[in-house]
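Novice: Residue-level listing of the chains:
Protein chains: 4
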Amino acid sequence: MKVSVVGATAYSSRELLKLLARHPEADVIHLGGRREGSPCISDIFTDLRGICDMELGGLGVEDAPEKPDVAFFTLPHGVSQQYVPKYLAAGVRCVDFSADYRLPDLALYEAWYGKHADPQNLERAVYGLPELFREEIAEADLVANPGCYPTAVILSLAPLVKEGMADLGGIFVDAKSGVSGRGNKVDEGSMFLECNEDVRAYSVAGHRHEPEMEHVLEVVCGEGVDLTFVPHLVPMDRGILSTAFVRSKGPADAGRLQELYEDFYAAEPFVRVCPPGEQPRTKNVAFTNYCDIAVTVRKGDRIIVTAAIDNLMKGASSQAVQNMNVMFGLEETLGLL
Amino acid sequence: MKVSVVGATAYSSRELLKLLARHPEADVIHLGGRREGSPCISDIFTDLRGICDMELGGLGVEDAPEKPDVAFFTLPHGVSQQYVPKYLAAGVRCVDFSADYRLPDLALYEAWYGKHADPQNLERAVYGLPELFREEIAEADLVANPGCYPTAVILSLAPLVKEGMADLGGIFVDAKSGVSGRGNKVDEGSMFLECNEDVRAYSVAGHRHEPEMEHVLEVVCGEGVDLTFVPHLVPMDRGILSTAFVRSKGPADAGRLQELYEDFYAAEPFVRVCPPGEQPRTKNVAFTNYCDIAVTVRKGDRIIVTAAIDNLMKGASSQAVQNMNVMFGLEETLGLL
Amino acid sequence: MKVSVVGATAYSSRELLKLLARHPEADVIHLGGRREGSPCISDIFTDLRGICDMELGGLGVEDAPEKPDVAFFTLPHGVSQQYVPKYLAAGVRCVDFSADYRLPDLALYEAWYGKHADPQNLERAVYGLPELFREEIAEADLVANPGCYPTAVILSLAPLVKEGMADLGGIFVDAKSGVSGRGNKVDEGSMFLECNEDVRAYSVAGHRHEPEMEHVLEVVCGEGVDLTFVPHLVPMDRGILSTAFVRSKGPADAGRLQELYEDFYAAEPFVRVCPPGEQPRTKNVAFTNYCDIAVTVRKGDRIIVTAAIDNLMKGASSQAVQNMNVMFGLEETLGLL
Amino acid sequence: MKVSVVGATAYSSRELLKLLARHPEADVIHLGGRREGSPCISDIFTDLRGICDMELGGLGVEDAPEKPDVAFFTLPHGVSQQYVPKYLAAGVRCVDFSADYRLPDLALYEAWYGKHADPQNLERAVYGLPELFREEIAEADLVANPGCYPTAVILSLAPLVKEGMADLGGIFVDAKSGVSGRGNKVDEGSMFLECNEDVRAYSVAGHRHEPEMEHVLEVVCGEGVDLTFVPHLVPMDRGILSTAFVRSKGPADAGRLQELYEDFYAAEPFVRVCPPGEQPRTKNVAFTNYCDIAVTVRKGDRIIVTAAIDNLMKGASSQAVQNMNVMFGLEETLGLL
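From first to last, the protein sequence lines are chains A, B, C and D. Under the numbering used here, the first residue of the first sequence is numbered 17, with each subsequent residue one higher. Under the numbering used here, the first residue of the second sequence is numbered 17, with each subsequent residue one higher. Under the numbering used here, the first residue of the third sequence is numbered 17, with each subsequent residue one higher. Under the numbering used here, the first residue of the fourth sequence is numbered 17, with each subsequent residue one higher.
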């Protein structure tokens with residue numbers, strides 16, 4: 017399978033290139049990325065030496081040496097939408113890491129992200145969370161790879177909202193992310209001295225992933241979902257731990273909830289429901305495609321759902337590979353264990 | 017002022033001894049601590065060399081070379097209660113770091129901590145949060161130094177509950193603590209390899225500080241408070257960031273709330289209300305007695321209150337010194353700036 | 017290929033089991049490890065859930081369900097030597113992670129490690145550094161997997177000493193290791209609060225890996241080598257950076273040295289010589305089998321050689337798999353990229 | 017004592033302002049720093065709220081509201097030399113944090129740092145290491161505050177070279193610094209994701225502090241010193257651990273060396289010689305003015321000297337305050353314990 021990676025100088029593409037190097041069916045034929053003088057990607061990310069030493073080329077589908085079967089876009093939102101339509105038009109199946117195709121509602125997209133240059137493809141896109149939308153992904157030619165926080169939070173809440181057990185009027189989610197959640201921009205907030213030995217909340221007044229979570233959960237349960245999301249930055253490289261605070265409709269039973277989650281994810285190769293009394297840890301899922309989840313009942317009707325993922329893997333790159341596997345009918349776990 | 021430190025081998029007493037060494041009115045005359053062969057405290061905590069090189073002695077009031085004016089107890093809960101009554105009987109004013117005298121309701125104490133050996137002094141104790149109970153502390157001979165999480169959470173919520181603005185039926189609090197929150201026990205969960213690059217929730221099924229928070233907030237507002245608390249461990253030495261999720265009774269106004277917090281803490285030397293748009297950071301309060309607080313409104317009626325303290329300082333040792341200053345009529349900030 | 021892992025509860029076997037799960041030719045048939053009640057390995061290392069869920073069995077070759085082709089021993093030194101001879105006697109090829117078979121000189125071994133229970137197999141063992149001893153490893157039935165520090169230091173110095181360019185009378189090596197270098201013992205020195213935000217030297221009076229380095233370098237160059245080694249602990253999970261300070265015999269030429277190193281390792285898949293001006297970083301080799309090396313000339317005749325490895329990988333588990341690949345005539349990089 | 021701080025937006029001045037706020041004799045009357053709109057320093061460093069809320073003013077002596085007694089310059093090298101002469105001319109005693117006045121040899125300065133704008137004051141400057149130059153500092157009106165690495169390394173080696181025990185022809189020093197050693201520039205190398213979980217050497221081809229170390233040690237012993245210095249970056253906020261590798265002239269005796277160091281620093285309030293078998297740790301000196309030192313003998317004639325300081329404190333700000341105390345005849349430890 018011939019692969020283009022468009023936006024190769026992002027952190028998430030660094031991880032993606034390592035995964036593709038190890039994937040038995042993937043053959044990267046084209047790296048699109050803007051840097052002066054077409055350097056080797058391994059001169060930028062020196063850990064890639066010997067793993068991927070390709071030169072950077074142009075971002076367009078015409079820059080690929082031959083037509084790829086699939087293209088991964090690790091460009092920022094607002095930029096992906098400028099390239100994706102051309103790849104689609106050329107018959108290339110696309111997996112987009114940005115937010116550009118995650119929200120089918122144009123007005124909602126533009127309220128959070130600004131003007132959209134490719135609104136006509138919004139409905140064509142499938143939300144790339146295989147645990148919930150596997151069949152649609154298999155058929156899709158445009159997959160919107162989920163945001164990192166939404167991956168953890170939606171997997172945490174899907175069983176509850178689908179079963180109608182959650183009071184949808186006031187869910188609170190507190191999430192903690194490693195610093196790679198900020199991407200690889202060089203700014204003051206990303207400095208070691210600003211992040212190390214520190215915890216802080218950010219985007220408390222509203223984070224772009226909140227409408228994404230609400231929208232997808234609404235698709236899952238068919239009702240309006242009102243969710244308040246507060247992310248935090250913690251001093252580690254990678255990982256997200258999300259803690260959802262939910263009020264149950266009526267009394268909640270710990271045993272029944274445990275069973276619900278175990279059943280819901282029984283066939284999923286990448287979701288591990290913790291046994292009672294155990295909690296997810298970001299370290300246990302680091303560098304993997306797993307999402308670990310635990311559900312706990314407090315005070316009769318309050319439900320705490322905690323989930324851990326690696327934001328660069330299940331929250332980005334390995335989930336994209338999982339999507340590719342589903343899209344091309346490969347073994348879903350291929351190259352991911 | 018002559019000072020005993022009883023339980024000198026705890027992490028919190030290490031910080032306390034540094035503060036007392038710098039305090040112009042305090043003179044440590046007695047270190048109580050159990051270790052074979054009465055070693056110097058600076059042989060155990062080698063960073064204390066040249067700062068405090070006293071030998072460890074017995075834990076009892078009779079082990080002090082002369083009657084101290086004040087004794088700090090940094091013993092575990094269940095042990096403090098065995099020594100405090102004797103110091104009180106000898107006329108020594110006491111500041112206890114453990115949970116032993118924080119809950120005046122014996123049944124509630126025993127439900128969470130087990131049998132109490134000194135129930136008769138429960139009512140005598142004053143909760144040592146000077147921002148709320150300054151006058152009582154000034155008169156007290158037994159001060160229960162607050163828990164680290166309760167310090168942050170109670171200061172976060174006191175203005176809201178006192179003003180009757182919070183729906184008291186369902187407050188959620190998510191807190192993140194550095195590893196020193198575990199104390200200095202040597203166990204698997206405290207190992208570097210278990211904590212570094214990891215975030216995890218713990219005591220999700222119920223944490224002992226929850227009833228302490230509920231109880232004190234009830235004293236503040238005169239009504240029942242129902243609060244669900246979930247603590248997390250983050251990879252840093254010290255610091256707590258707490259995030260409280262509150263539903264407002266009726267619509268919440270950001271400007272009015274900001275003013276409420278600023279007014280409530282206007283005269284407090286150690287509480288800093290963040291200007292709008294700024295968030296507390298544990299790093300900004302590390303090694304200080306400050307509590308930084310921010311209040312944010314979301315979706316009309318949801319209030320997010322974030323607070324940062326140093327768990328070893330405002331959450332333990334420097335708060336104890338602040339209490340001592342209040343008890344003895346000293347300048348409240350003495351030795352703490 | 018049927019594989020036994022003997023000593024499965026060590027940190028290095030955790031990494032080994034992940035590598036073997038991914039290795040296309042390896043099939044783990046037996047986990048030897050002592051814990052009450054024969055638990056699943058994934059109940060001890062919960063990150064292994066879904067990756068390796070085998071039960072722990074006895075440590076002996078008779079505890080394997082059938083005769084393995086190869087056995088990895090991740091037991092402490094002094095313990096390996098009790099089991100290895102029996103596996104050898106049963107015709108199983110052995111890769112030992114401990115120091116038990118690294119020093120062919122019994123007196124030297126016993127001076128640093130104590131009495132040896134299996135001296136007769138000392139000479140049979142091959143030192144498992146494929147870059148230097150590939151042919152011997154291919155024939156060996158007992159491979160002594162190198163120590164983590166020696167791997168980095170020997171690869172750093174081999175080109176210099178082999179070419180006769182180093183003054184062998186006074187090499188100094190300063191090495192920095194992540195905390196996993198201590199193994200997974202639960203002691204005060206391994207606690208987060210003792211390691212985080214700290215750097216310290218240890219074993220300054222003499223570290224067991226020093227004679228291992230001297231011995232192997234002597235094999236490489238045929239002369240006596242006098243090396244003084246000082247290790248340090250730095251606050252990170254994994255990785256070793258070693259810095260060797262060497263006096264050149266006569267003036268040293270930067271260009272010629274660079275060429276020497278590039279030529280020496282030109283055919284090696286897992287040694288990457290940094291281009292001039294670049295330095296190895298532990299982060300670039302984390303979770304890989306790479307060793308990155310740079311050589312620099314100072315003040316005419318001083319040579320600084322820096323090298324980075326992942327102590328749990330090239331310094332232990334992935335190097336063991338590399339050895340297995342060589343022993344069984346497999347592609348040397350199989351399962352390691 | 018009236019104090020100017022010139023260059024107030026540097027990390028080292030942040031620490032300095034905290035120390036001066038606590039110092040009983042210092043009164044900061046002027047903050048010089050360039051930022052648009054003369055903001056409050058506590059709007060830039062929000063942790064200073066309530067500690068120092070002064071506005072930034074111009075950098076010149078004429079910008080002070082009245083003539084200060086002492087001015088601290090935390091400007092970069094090359095910039096200090098533009099302001100210091102004017103303060104001196106106005107009769108203000110100066111403590112300069114930059115390298116501008118540390119090397120009395122103009123040619124040596126210019127070889128490493130470029131053109132000097134104030135060469136005439138080079139000889140007037142005293143090197144501000146009180147343990148070695150206390151009497152000169154007491155008389156000085158221009159003190160060159162030492163570099164962070166030189167502080168640790170010179171204190172490590174002074175006893176040895178003064179006693180003539182070291183082979184001066186080939187000292188190697190390996191040093192490890194926390195990330196604040198890079199200053200507060202916002203660049204890729206300072207990002208959390210680049211520094212965390214990483215160790216790397218830098219400036220291996222030559223670091224500016226090397227000639228500073230050689231020069232001062234030559235002053236101490238009256239002979240030429242040839243020292244090769246390699247610094248490393250480790251993932252922590254603050255702290256330097258230096259490890260010096262020295263060949264002894266003739267056999268070295270551990271007991272005699274221990275005594276030499278203990279005697280040499282017996283009267284020093286801020287140098288702590290570790291008892292035999294103990295090693296300095298950066299954590300033990302963090303946030304203090306201490307330098308902890310240990311000396312170890314290996315293989316008869318090799319001497320390892322390890323030292324730990326806080327690079328922002330004894331390596332910069334608290335050492336500057338110590339110098340001020342000496343210059344003005346105050347108790348040397350005032351405000352520093």
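A couple of the hints might just be wrong.
Same chains, same names: a pair is fine if it fits in one copy or spans any two.
In silico DSS-like pairs for lysine-lysine, Cα to Cα no more than 30 Å straight-line [said to hold, decoys possible]:
hint: 1; residue 1: K201; residue 2: K131
hint: 2; residue 1: K102; residue 2: K315
hint: 3; residue 1: K131; residue 2: K315
hint: 4; residue 1: K201; residue 2: K265
hint: 5; residue 1: K265; residue 2: K18
hint: 6; residue 1: K83; residue 2: K102
hint: 7; residue 1: K201; residue 2: K178
hint: 8; residue 1: K178; residue 2: K18
hint: 9; residue 1: K18; residue 2: K315
hint: 10; residue 1: K315; residue 2: K178
hint: 11; residue 1: K102; residue 2: K131
Just so you know, the hints here were simulated from the structure itself, not pulled from any lab data. Model, not experiment: these values are computed from the prediction.
Novice: The structure should be examined with respect to each hint, and the outcome stated for every one.
Specialist: A quick look at each hint next to the structure:
Taking the closest pair of Cα atoms, K201 and K131 come within 30 Å of each other only inside a single copy of the chain (23 Å); across copies the shortest separation is 35 Å, beyond that limit. Proximity of K102 to K315 under the C-alpha cut-off of 30 Å is found in neither arrangement, the shortest distances being 54 Å within a copy and 39 Å between copies. Within a single copy, K131 and K315 get their C-alpha atoms only as close as 46 Å, which misses the 30 Å cut-off; across copies the closest is 24 Å, which meets it. In the homo-oligomer, the alpha carbons of K201 and K265 never lie at most 30 Å apart, since the shortest distance is 43 Å inside one protomer and 41 Å across protomers.
In this homomeric assembly, K265 and K18 never come within 30 Å of each other (Cα to Cα): the closest approach is 49 Å inside a single copy and 53 Å across copies. Taking the shortest alpha-carbon separations for K83 and K102, only the intra-copy value of 12 Å comes in at or below 30 Å, while the best inter-copy value is 58 Å. In the homo-oligomer, the alpha carbons of K201 and K178 never lie at most 30 Å apart, since the shortest distance is 38 Å inside one protomer and 43 Å across protomers. For a Cα distance limit of 30 Å, the shortest separation of K178 from K18 qualifies neither inside one copy, at 38 Å, nor across copies, at 45 Å.
In this assembly of identical chains, the alpha carbons of K18 and K315 never lie at most 30 Å apart, being 54 Å within a copy and 46 Å across copies at closest. With identical chains, the CA atoms of K315 and K178 are at most 30 Å apart both within one copy (23 Å) and between copies (24 Å). With identical chains, the CA atoms of K102 and K131 are at most 30 Å apart within one copy only, with a shortest distance of 19 Å there and 56 Å across copies.
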